[in-house]
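Protein sequences, first through last, are from chains V and F. Numbering-wise (our numbering), the first sequence opens with residue 1 and increments by one. Numbering-wise (our numbering), the second sequence opens with residue 233 and increments by one.
FYI, nobody ran anything at the bench for these hints, they're computed from the structure. Any given hint might turn out to be false.
[Unchecked claim] In silico DSS-like links for lysine-lysine, alpha-carbon gap of 30 Å or less:
{"#": "1", "chain 1": "V", "residue 1": "K119", "chain 2": "F", "residue 2": "K379"}
{"#": "2", "chain 1": "F", "residue 1": "K427", "chain 2": "F", "residue 2": "K405"}
{"#": "3", "chain 1": "F", "residue 1": "K365", "chain 2": "V", "residue 2": "K48"}
{"#": "4", "chain 1": "F", "residue 1": "K435", "chain 2": "V", "residue 2": "K48"}
{"#": "5", "chain 1": "F", "residue 1": "K365", "chain 2": "V", "residue 2": "K14"}
{"#": "6", "chain 1": "V", "residue 1": "K12", "chain 2": "F", "residue 2": "K435"}
{"#": "7", "chain 1": "F", "residue 1": "K434", "chain 2": "V", "residue 2": "K78"}
{"#": "8", "chain 1": "F", "residue 1": "K379", "chain 2": "F", "residue 2": "K329"}
{"#": "9", "chain 1": "F", "residue 1": "K451", "chain 2": "V", "residue 2": "K55"}
{"#": "10", "chain 1": "V", "residue 1": "K214", "chain 2": "V", "residue 2": "K122"}
{"#": "11", "chain 1": "V", "residue 1": "K132", "chain 2": "F", "residue 2": "K365"}
{"#": "12", "chain 1": "F", "residue 1": "K329", "chain 2": "V", "residue 2": "K130"}
{"#": "13", "chain 1": "F", "residue 1": "K365", "chain 2": "V", "residue 2": "K82"}
{"#": "14", "chain 1": "V", "residue 1": "K70", "chain 2": "F", "residue 2": "K365"}
{"#": "15", "chain 1": "V", "residue 1": "K214", "chain 2": "V", "residue 2": "K159"}
{"#": "16", "chain 1": "V", "residue 1": "K214", "chain 2": "V", "residue 2": "K12"}
[As the list claims (entries may be wrong)] Stretch-level coverage of chain F by chain V, calculated; a stretch enters the list once three of its residues show a Cβ under 8 Å from a Cβ in chain V:
{"#": "17", "stretch": "241-251"}
{"#": "18", "stretch": "468-477"}
Everything numeric in this text was worked out from a predicted model, so none of it was measured. All residues carry an ideal CB built from backbone N, CA and C; glycine is no exception.
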Amino acid sequence: MDLIRIKNVEKKYKNGVTAIYDLNLAIEKGSFVFVIGGSGSGKSTLIKMLYREEKPTKGQVIVGGLDVAKLKNKKVYKLRRKLGIVFQDYRLLPKLTVYENVAFALEVIGEKKDSIRIKVLKALEEVGLKNKVHSYPDQLSGGEQQRVAIARAIVNDPKLLLCDEPTGNLDPDRSMEIMKVLEDINKSRGTTIIMATHDKEIVNKMKKQVITLKDGHLVNFKQKGKYDNEAI
Amino acid sequence: MKPFRMLGRSIRDAFKSVIRNFSLSLASISCITITLIIVSIALIASLNVQNFTKLIERDMTIVVFLDSDTTEEQAKEIEEKISDLSNVSEYSFQTKKEVKIRMQEESDIFRTVLENFDDENSPLKDTFQVKVKEIEKIKNTAQKIEKMKHVAVVRYGEGMVDKMVKAFSSIEKVAYGIVGALILVTIFLIINTIKLTISARKKEIGIMRLVGASNFTIKTPFIVEGMILGMLGSIVPIGITTYGYVAFYKHFNGYLYSELIQLIKPDPFVYQISLIVLGIGILVGMIGSSSAVRRYLKV
């Protein structure tokens with residue numbers, strides 16, 4: 001079963017720049033996919049279209065049976081509840097503790113307090129931060145903050161986890177820690193993960209599927225791909 | 233229950249936000265306070281004007297004096313004609329004797345002067361007191377009565393009273409205009425203050441959207457916050473209205489300048505005004521905050 005189907009998608013920004021040209025993709029449930037490409041290749045735009053931050057100008061983007069392009073602003077939350085998103089800059093709330101930051105994602109969708117507690121602690125255990133529950137984000141290292149963000153993204157048990165350069169601010173060792181956490185989530189929960197990155201080492205080590213984009217065009221989509229310098 | 237849980241969280245968040253952004257909250261509150269004070273004064277003034285114009289209108293009568301030599305039968309005829317007029321709401325008839333007795337009761341001077349007259353040579357006349365349904369048509373009705381046989385003189389407010397009524401009603405309109413304009417200005421001020429508190433929480437709203445909070449969930453705490461600000465802002469105006477009006481009423485013994493201009497009794501008037509002021513405060517806060525937050529929910 002394909003979780004994501006992208007058909008004839010074109011994205012042209014209002015300033016006239018075309019970020020994606022006629023893209024066709026199908027991503028299977030449970031897969032781990034890297035999206036690579038240089039700056040301006042359209043990888044961020046692709047990720048943004050998947051969580052309906054941007055609408056495609058043409059074509060269809062179907063995520064879990066939902067046509068994202070046709071989704072009205074008011075209904076965007078229905079899509080967002082099905083997926084988790086992780087960013088390069090973590091996007092944690094500084095005034096809330098680690099626990100509260102993760103619980104926040106469940107509170108705003110109206111979960112019960114008891115089930116929030118169970119789910120939050122489970123998610124924090126998965127990312128290895130159970131002993132930092134009461135810390136504030138600024139008391140944590142970058143890698144730890146990113147793991148909190150991952151915990152927040154998976155606490156709702158989404159089918160799809162989108163990561164936009166999650167290791168962009170981290171050194172190679174911390175980056176590998178994050179990758180290990182993501183791989184565990186992919187295996188244990190069966191969560192489909194799509195990760196935009198330009199970290200050559202990670203892509204080569206992980207041996208996952210790789211989508212290569214160049215100037216808005218799909219170059220190739222390989223199983224167990226490598227970071228192909230020439231293609232970029 | 234999920235909706236109640238969400239509402240509880242909204243209310244909690246709203247109170248937190250009011251306290252956290254206290255200086256901004258204070259700005260909104262004082263702005264609402266000032267407006268509501270003026271609104272309540274305008275409201276009290278215009279309702280009082282409305283009240284005594286109604287009282288005056290109700291008391292406005294046409295007094296019809298009949299010729300001295302009118303017989304009882306002729307008076308009856310006139311009575312029938314008067315009751316046939318469409319604008320007449322009620323009327324009463326007083327004979328010379330009754331008029332004399334009433335006047336003697338009213339003052340000692342009248343008593344001694346009128347002692348000297350008996351029915352035959354009385355300077356007094358049989359009179360009808362006619363009340364009209366529509367005050368605007370009083371002149372027309374008076375003219376009709378004047379044309380009847382045996383009617384000597386017809387008296388009514390003759391312009392003075394209805395000019396006063398017209399003046400009052402224009403004062404009332406101006407007061408309503410001022411109230412409306414003030415409410416509008418306050419809404420804009422609240423939109424701006426709440427926008428500031430929201431822009432401080434832009435990041436939070438962004439994250440809420442990312443993790444799948446519906447627009448309703450995001451909006452509710454801000455709207456509740458606006459309502460709280462409105463409520464807090466109406467405390468002082470309600471106090472001023474309640475105590476101020478009671479003091480004002482007592483100081484003037486219930487009327488202004490002459491007994492013609494009667495003030496509305498404070499109970500239950502001040503409570504009604506307080507409720508209206510509270511309602512306006514809450515509504516203004518709500519409208520202000522919901523239109524402020526709407527701009528942040530567009531993607």
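Hints breached by this structure: Of the numbered hints given earlier, those the structure breaks are 1, 2, 3, 5, 10, 11, 12, 13, 14, 17 and 18, listed in rising order.
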